[in-house]
Amino acid sequence: MELELIDLTKSFGSFTAVDHMNLTMTNGVYGLLGVNGAGKTTLMRMLCTLLRPTSGSISCNGKDIFKMDGEYRKLLGYLPQDFGFYPEFTVQDYLLYIAAIKGIRPAPARKKVRELIPQVGLSKAAGKKMKKLSGGMKRRAGIAQAMLNNPKILVLDEPTAGLDPNERIRFRNLISELSEERLVLLSTHIVSDIEYIANKIWLMKDGTLVQEGTAQQVIDSMPEKVWHCRVDHTQIPEAMRRYKVSNMKSEPQGALLRIISPERPYPDAVSAEPSLEDVFLYYFGEQPGKEKAGESL
Amino acid sequence: MIRFEIKKIFSKSMNKMALIVLTAALVIVCILTINNIEYIEYINGQKKVSTGIAAAQKIRDAKNQWAGPLTEETLSKVIQKNNEINSSPEALSDDYREQDKAYAKKQSISAITQLISSAFSKLNDYDGYRADSVTAEEVKGLYQQRIASLEEWLASGEEFFTDAEKDFLITQYQKLDTPFYYEYENNWEALLQNISTFLLVLALAIGFFVSGVFSDEFQLKADSIFFSCRLGRNKAILAKMEAAFLVATALYAIFAFLYTFIVLLLLGTDGSSCPIQFDMWRSSYNITFLQAYLLILAGGYIGTLFSSLAAMIVSAKTHSTVLAIIVPFILLCLFPFLSRIITLPGLCSFFPDQLLEIYIHLRYFVLCEIGGTIHNSVPVLLTFYLIVCVLLPPALYAIYKRTEIK
Numbered sequence: 002m003e004l005e006l007i008d009l010t011k012s013f014g015s016f017t018a019v020d021h022m023n024l025t026m027t028n029g030v031y032g033l034l035g036v037n038g039a040g041k042t043t044l045m046r047m048l049c050t051l052l053r054p055t056s057g058s059i060s061c062n063g064k065d066i067f068k069m070d071g072e073y074r075k076l077l078g079y080l081p082q083d084f085g086f087y088p089e090f091t092v093q094d095y096l097l098y099i100a101a102i103k104g105i106r107p108a109p110a111r112k113k114v115r116e117l118i119p120q121v122g123l124s125k126a127a128g129k130k131m132k133k134l135s136g137g138m139k140r141r142a143g144i145a146q147a148m149l150n151n152p153k154i155l156v157l158d159e160p161t162a163g164l165d166p167n168e169r170i171r172f173r174n175l176i177s178e179l180s181e182e183r184l185v186l187l188s189t190h191i192v193s194d195i196e197y198i199a200n201k202i203w204l205m206k207d208g209t210l211v212q213e214g215t216a217q218q219v220i221d222s223m224p225e226k227v228w229h230c231r232v233d234h235t236q237i238p239e240a241m242r243r244y245k246v247s248n249m250k251s252e253p254q255g256a257l258l259r260i261i262s263p264e265r266p267y268p269d270a271v272s273a274e275p276s277l278e279d280v281f282l283y284y285f286g287e288q289p290g291k292e293k294a295g296e297s298l
Numbered sequence: 011m012i013r014f015e016i017k018k019i020f021s022k023s024m025n026k027m028a029l030i031v032l033t034a035a036l037v038i039v040c041i042l043t044i045n046n047i048e049y050i051e052y053i054n055g056q057k058k059v060s061t062g063i064a065a066a067q068k069i070r071d072a073k074n075q076w077a078g079p080l081t082e083e084t085l086s087k088v089i090q091k092n093n094e095i096n097s098s099p100e101a102l103s104d105d106y107r108e109q110d111k112a113y114a115k116k117q118s119i120s121a122i123t124q125l126i127s128s129a130f131s132k133l134n135d136y137d138g139y140r141a142d143s144v145t146a147e148e149v150k151g152l153y154q155q156r157i158a159s160l161e162e163w164l165a166s167g168e169e170f171f172t173d174a175e176k177d178f179l180i181t182q183y184q185k186l187d188t189p190f191y192y193e194y195e196n197n198w199e200a201l202l203q204n205i206s207t208f209l210l211v212l213a214l215a216i217g218f219f220v221s222g223v224f225s226d227e228f229q230l231k232a233d234s235i236f237f238s239c240r241l242g243r244n245k246a247i248l249a250k251m252e253a254a255f256l257v258a259t260a261l262y263a264i265f266a267f268l269y270t271f272i273v274l275l276l277l278g279t280d281g282s283s284c285p286i287q288f289d290m291w292r293s294s295y296n297i298t299f300l301q302a303y304l305l306i307l308a309g310g311y312i313g314t315l316f317s318s319l320a321a322m323i324v325s326a327k328t329h330s331t332v333l334a335i336i337v338p339f340i341l342l343c344l345f346p347f348l349s350r351i352i353t354l355p356g357l358c359s360f361f362p363d364q365l366l367e368i369y370i371h372l373r374y375f376v377l378c379e380i381g382g383t384i385h386n387s388v389p390v391l392l393t394f395y396l397i398v399c400v401l402l403p404p405a406l407y408a409i410y411k412r413t414e415i416k
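Quick mapping for you: the protein sequence lines, in order, are chains U and L. Taking this note's numbering, I'd label the letters of the first sequence as residues 2 to 298. Taking this note's numbering, I'd label the letters of the second sequence as residues 11 to 416.
Treat the hints as calculated values from the structure; they're not laboratory data. The structure presented is a predicted model; accordingly, all values stated were derived computationally and were not measured. C-beta: ideal position from N, C-alpha, C; glycine also. Please note that the accuracy of each hint is not assured.
Counterexamples of contact, computed for chain L against chain U with all Cβ distances above 12 angstroms [what the hints assert, rightly or not]: (1) E100; (2) G138; (3) Y139; (4) T181; (5) F228; (6) S359.
Restricting the straight-line Cα-Cα distance to at most 27 angstroms, the calculated cross-link-like pairs of lysine-lysine (DSSO-like) are [stated by the list, open to error]: (7) U:K132 to L:K231; (8) U:K133 to U:K113; (9) L:K245 to U:K64; (10) L:K245 to L:K231; (11) U:K153 to U:K133; (12) U:K130 to L:K58; (13) L:K132 to U:K75; (14) U:K113 to L:K91; (15) L:K87 to U:K132; (16) L:K132 to L:K327; (17) U:K130 to U:K206; (18) L:K22 to L:K58; (19) L:K132 to L:K87; (20) U:K64 to L:K411; (21) L:K132 to U:K68; (22) U:K130 to U:K113.
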């Protein structure tokens with residue numbers, strides 16, 4: 002399975018959400034990281050044929066996905082970021098309905114639904130109406146619907162948004178479990194979600210890819226270093242202004258800061274191992290010295 | 011897929027409410043229709059007015075004494091009977107209560123005397139007492155008198171008609187089968203007079219039911235998953251259309267049947283083969299009450315389909331259920347409302363709201379010229395909107411298929 006994006010662009014009026022993007026994906030888990038508004042959802046919607054590109058193309062094994070139409074969508078499983086259900090449907094009815102519009106015949110659909118419900122941990126909720134489910138349960142129903150057709154391409158847009166830590170871990174493990182023998186594209190702005198499971202990470206900003214590679218390659222790509230230091234409480238505002246601070250822990254004897262900087266920020270600062278979160282901050286965080294939006298008002 | 015789409019429609023609480031409202035409307039219209047029938051009798055000198063089922067039974071028995079073809083002989087007998095009643099002491103009394111007693115005796119022949127009055131009045135100026143001055147000999151020319159009245163009225167120029175239209179109307183009058191077959195037909199009159207209002211309520215309710223079929227995917231944010239599925243841009247759209255069609259048809263059939271069944275069960279089924287001229291003397295349609303009723307039902311059904319399809323197109327285009335719900339109201343209620351305030355041009359007689367006003371079209375002269383030939387408006391209306399109803403689904407399909415999720 003190979004998905005290829007060639008010079009892909011999507012504009013809404015004068016705003017370009019995805020800007021001349023070129024990339025190729027084969028089987029494996031791909032993590033798409035970026036702040037809100039980076040163009041991740043637009044890219045995913047184009048990959049799911051929900052939006053047509055302004056220019057450029059997306060091909061699946063060499064064929065244009067929009068020309069493939071239903072044949073392409075047959076390979077696709079999609080969990081949107083913000084999605085709704087039919088509130089009066091039970092979980093089982095909902096999954097059977099989605100199976101029907103995925104073109105799965107009733108008997109295999111019932112079998113698949115029976116398999117998936119326990120797999121996503123919804124055995125006790127199978128007969129419950131969708132409107133009665135918790136946020137986590139809805140997400141699980143969402144992943145179940147995406148898996149109904151045993152998709153070769155699985156697109157998950159912010160799948161862990163709104164989940165509590167337990168559910169997020171459970172969800173991550175579920176995605177890992179499902180990722181064998183298929184292409185999984187996972188979009189998020191929660192770094193830890195993809196740090197552990199993505200084979201390849203793309204950092205997306207203003208509609209373009211600013212960095213790509215494995216987690217380690219992306220971490221190594223950061224030209225600045227990470228430092229740990231303890232500063233007096235009175236020094237915090239100055240530190241925040243001068244450096245990118247990826248973490249701050251307040252203690253009675255001062256504040257423990259994690260700073261991203263090309264040179265040692267304080268004499269007693271010690272070098273630390275960079276993480277993907279540091280990289281995220283480096284590429285997407287506010288520049289030191291800049292006032293936060295609203296502070297100048 | 012269709013089963014789930016139907017389930018979606020009926021699981022909406024607003025639609026459940028609409029179903030309750032529709033059922034309530036059915037009950038109210040049935041009661042009003044049944045209570046249209048009134049019978050007056052005097053028992054031991056005491057006036058007793060009955061309505062509804064009891065009245066229907068009594069008036070039916072009374073009128074069916076005259077059942078059969080309205081031949082010259084029967085018409086003469088009716089005039090004789092009418093004259094007998096008119097010359098009775100009760101009718102000649104100055105006491106209105108006594109006159110009422112005479113009137114009560116006329117109930118068995120009232121439909122026929124009204125027919126005679128219509129025939130011998132001017133076409134556009136009905137004189138309810140005209141039958142009292144028609145002789146037994148004169149009444150034998152009743153059917154010719156109908157044509158003569160029309161010719162006289164057309165010649166008067168009171169209303170403008172082209173020569174072709176005049177010829178058409180006279181020909182239609184001449185083609186009417188005579189003698190009329192008569193039997194108790196108050197049931198059909200009541201049914202026809204009230205059904206238009208009920209069909210309008212039904213059409214609006216059905217529009218309400220199906221207006222969310224397409225837009226609810228967006229309202230519920232279920233659109234992304236729907237359109238990313240294999241059949242989301244083809245068969246699933248067809249399933250929505252089929253479900254909407256089935257729901258609209260089933261609701262229309264069930265409620266129209268229930269209304270008809272309840273009314274005819276309680277008021278009787280006689281009179282179905284009587285010509286509609288008993289109720290609509292001027293009508294240029296040579297049809298029976300049953301045929302008129304079926305035409306009204308057909309108009310209502312096509313009107314319901316048309317307004318529902320228009321609602322679904324707005325629903326698919328705007329993704330708004332609220333806007334879609336308004337569409338049937340605009341199509342079916344706006345022009346009747348405006349026509350009460352201003353005089354609308356003749357073209358408005360062919361707007362979609364007229365599909366629910368077939369009763370009016372049957373009653374009055376509404377004509378149109380197509381390819382140099384004059385036609386009554388009803389077949390033109392039904393054919394035109396039926397064709398539109400066939401053309402709209404492909405447009406609806408194309409609109410929804412092209413949807414983009416931004």
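Results for each hint:
Distance check on E100 (chain L): its Cβ is at least 66 angstroms (rounded) from any Cβ of chain U, clearing the 12 angstroms threshold; non-interface status holds. Even its closest Cβ contact with chain U, about 57 angstroms, leaves G138 (chain L) beyond 12 angstroms, as expected for a residue assigned away from the interface. No beta-carbon of chain U is positioned within 12 angstroms of the beta-carbon of Y139 (chain L); the least distance is around 63 angstroms. Every Cβ of chain U is farther than 12 angstroms from the Cβ of T181 (chain L); the closest lies at roughly 56 angstroms, confirming the non-interface assignment.
A beta-carbon of chain U is positioned within 12 angstroms of the beta-carbon of F228 (chain L); the least distance is around 9 angstroms. With a closest Cβ-Cβ approach of about 43 angstroms to chain U, S359 (chain L) is found to remain outside the 12 angstroms limit, as its non-interface label requires. Taking the CA atoms of K132 (chain U) and K231 (chain L), the gap is about 13 angstroms. The hint holds against a cut of 27 angstroms. Restraint check for K133 (chain U) and K113 (chain U): the C-alpha separation of about 23 angstroms stays at or below 27 angstroms, so the hint holds.
At most 27 angstroms may separate the alpha-carbon atoms for a hinted pair to count; K245 (chain L) and K64 (chain U) meet this at roughly 23 angstroms. Restraint check for K245 (chain L) and K231 (chain L): satisfied, since their Cα atoms lie roughly 20 angstroms apart, inside the 27 angstroms limit. For a cut-off of 27 angstroms, the pair hint linking K153 (chain U) to K133 (chain U) is broken: about 31 angstroms separates their Cα positions. For the suggested pair K130 (chain U) and K58 (chain L), the alpha carbons sit about 58 angstroms apart, so the restraint of at most 27 angstroms is broken.
Note on K132 (chain L) and K75 (chain U): the hinted pairing is violated, with a Cα-Cα distance of about 74 angstroms set against a maximum of 27 angstroms. For the suggested pair K113 (chain U) and K91 (chain L), the alpha carbons sit about 81 angstroms apart, so the restraint of at most 27 angstroms is broken. The straight-line distance between the Cα atoms of K87 (chain L) and K132 (chain U) is roughly 73 angstroms, outside the 27 angstroms bound, and the hint therefore fails. Under the criterion of a C-alpha separation no larger than 27 angstroms, the hint pairing K132 (chain L) with K327 (chain L) is inconsistent with the structure, at around 53 angstroms.
This hinted pair does not check out: K130 (chain U) and K206 (chain U) have alpha carbons roughly 39 angstroms apart, beyond 27 angstroms. Proposed proximity of K22 (chain L) and K58 (chain L) is contradicted: the alpha carbons are some 49 angstroms apart, above 27 angstroms. Between the alpha carbons of K132 (chain L) and K87 (chain L) the distance comes to roughly 23 angstroms, so the proposed pair stays at or under 27 angstroms and holds. For the hint pairing K64 (chain U) with K411 (chain L), the CA-to-CA distance comes to about 21 angstroms; that is within 27 angstroms, so the pair holds.
Distance check on the hinted pair: K132 (chain L) and K68 (chain U) sit about 71 angstroms apart at the alpha-carbon level, beyond 27 angstroms; violated. At roughly 19 angstroms between alpha-carbon atoms, K130 (chain U) and K113 (chain U) fall within 27 angstroms of each other, so this suggested pair holds.
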